[in-house]
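Working from the sequences, and respecting the hints, build out all of it.
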Amino acid sequence: MNHTGAPGAGRLAPRLYQRAFDILSAQIGDGAVQSGTKLTESAVAAQFGISRAPARRALEELEKAGLVTKSAGRGYAVTGSGPGYSSARRGPAEKEVQLSSLSTWEQIYAQVEKQIIGRISFASWRLNEAELARHYNVSRTVARDVVARLQQRGLVLKDERSRWYAPALSPEHVGELYELRAILEPIALTKAAPRVPRDLFARMRRHLLEAIAHAENVEGATLDRLEEEMHVELLSFCGNRALMQAITMPQSLLIAHRFLYRWTPRLFASEPFLPEHLKILEHLETGDVGQAARALEAHLMGSKARALARVDVIRREFQPEGLPYLDRLA
Numbered sequence: 001m002n003h004t005g006a007p008g009a010g011r012l013a014p015r016l017y018q019r020a021f022d023i024l025s026a027q028i029g030d031g032a033v034q035s036g037t038k039l040t041e042s043a044v045a046a047q048f049g050i051s052r053a054p055a056r057r058a059l060e061e062l063e064k065a066g067l068v069t070k071s072a073g074r075g076y077a078v079t080g081s082g083p084g085y086s087s088a089r090r091g092p093a094e095k096e097v098q099l100s101s102l103s104t105w106e107q108i109y110a111q112v113e114k115q116i117i118g119r120i121s122f123a124s125w126r127l128n129e130a131e132l133a134r135h136y137n138v139s140r141t142v143a144r145d146v147v148a149r150l151q152q153r154g155l156v157l158k159d160e161r162s163r164w165y166a167p168a169l170s171p172e173h174v175g176e177l178y179e180l181r182a183i184l185e186p187i188a189l190t191k192a193a194p195r196v197p198r199d200l201f202a203r204m205r206r207h208l209l210e211a212i213a214h215a216e217n218v219e220g221a222t223l224d225r226l227e228e229e230m231h232v233e234l235l236s237f238c239g240n241r242a243l244m245q246a247i248t249m250p251q252s253l254l255i256a257h258r259f260l261y262r263w264t265p266r267l268f269a270s271e272p273f274l275p276e277h278l279k280i281l282e283h284l285e286t287g288d289v290g291q292a293a294r295a296l297e298a299h300l301m302g303s304k305a306r307a308l309a310r311v312d313v314i315r316r317e318f319q320p321e322g323l324p325y326l327d328r329l330a
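Just so you know, we're using the working numbering here: the sequence shown kicks off at 1 and counts up by one.
Please note that a few of the clues may not be correct.
Stated by the list, open to error - Each computed DSBU-like pair below joins lysine-lysine, with the alpha-carbon atoms no more than 35 Å apart:
#1 LYS158 with LYS304
#2 LYS114 with LYS158
#3 LYS114 with LYS70
#4 LYS279 with LYS70
#5 LYS158 with LYS64
In case anyone wonders, no lab produced these hints; they're calculated from the structure.
Below is the structure:
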C-alpha cells in the first residue's frame, strides 16, 4: 500500500505516522495486537510521542487497509489478527494497545514533552542531557534523540553557549511566535487550499459545529483536536516541505496549548476561536482563498492575547515540581 501518494499525506510528519502504521499493522498481522483491541488517537499519540494529527492518519490508514473499523464509541477496533490467532487468545474488547516495538527514545518522549510543556508557563528552563539520561536510566544517545525531537517540535533551543533550554511562554516570546505564525500560516493555507480533499472540509465543519453547539461544555481535548485540524492537518497539504519546517517552531504553541486547555478550558464562556475557525473554513469551502488567508491572519493575531491570558492563569494558580534534568532560569 502506498502511504505517501495522497496529496499532503507524506508531508504530515511522514516518518511518524508511517512508523505508527507500520508497527501497528505488523502487530495486528502477527497477532501481537489481537482482534477486539481498541485503538484511540490519544493512546497512539501518547505511546509514539506524536501529535494527534499523525496518530489519526495512522489509524485512518489502518482502516483503509481493512485492519480496523470505527468502534461504536470513540476510537477504532481491530477486526482481526494473524493466522495463529484464536478466540482463546483474545484480550478484553476495550483493552488499550501497548506498543512494545517503540524505540527507547519514543517510549519516554511523550512524558518528557509533557513535563517541559507543564513548566514553560512559569519560566525558562535549562535542559541537561546527562541528567535526562540518568533520570530515565537510558543512554546519552537516547537522551540526545529525545532532545533532537524536542528541538524539531520547537520546544527547546540552543543559547549562545550551545546549551539547551526551553524558553518561557513570556509575552515577548509568545508575541514573536504569533507574529511569525501570522506571516507563514496564511501563505501555507493559500498553497494548501487547492490540494485539500473535500472530506477534510466536511470533517472539520462537523467537528466545529458540534463544538459550537456545546460551547459551554466543550473539553480541552476537543479544543486541542480542532486546533490540530486547522493549523497542522490542513496546512500539511501546502506541498512545500521547507515552509512546513519553518512553521514548526511557532507551532510549539499548539503543543503548549494542550496543557493550557487542560487546565483552563473554562477561561472563556464560549471559546472564541470556534467561530473564527468556522469563518476560515467557510471561505475555503466557497473557494475564496484570499479571504480565508486574511481571516486566518486575523485569527492568529487575536489569539495572542488569549494565549497569554491562559498562561497567566497557570502562572498564578500552579507551581511546578522540580525535576533533576531541568534547571529554572532567572
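Distance restraint between LYS158 and LYS64, which requires alpha-carbon spacing of 35 Å or less: 42 Å, violated
Would you check the hint for LYS158 and LYS304, treating anything up to 35 Å between C-alpha atoms as holding? The hint holds at about 24 Å.
Given the hinted pair LYS114 and LYS70, is their Cα-Cα distance within 35 Å? Holds - the C-alpha atoms of LYS70 and LYS114 are around 28 Å apart, at most 35 Å.
Given hint LYS158 paired with LYS114 - CA-CA distance at most 35 Å: Measuring from Cα to Cα gives roughly 20 Å; hence the hint holds.
Pair hint LYS279 and LYS70, alpha-carbon separation not exceeding 35 Å: The given pair, whose Cα atoms are some 29 Å apart, holds under the 35 Å limit.
Hint violations for this structure: number 5 only, all remaining hints satisfied.
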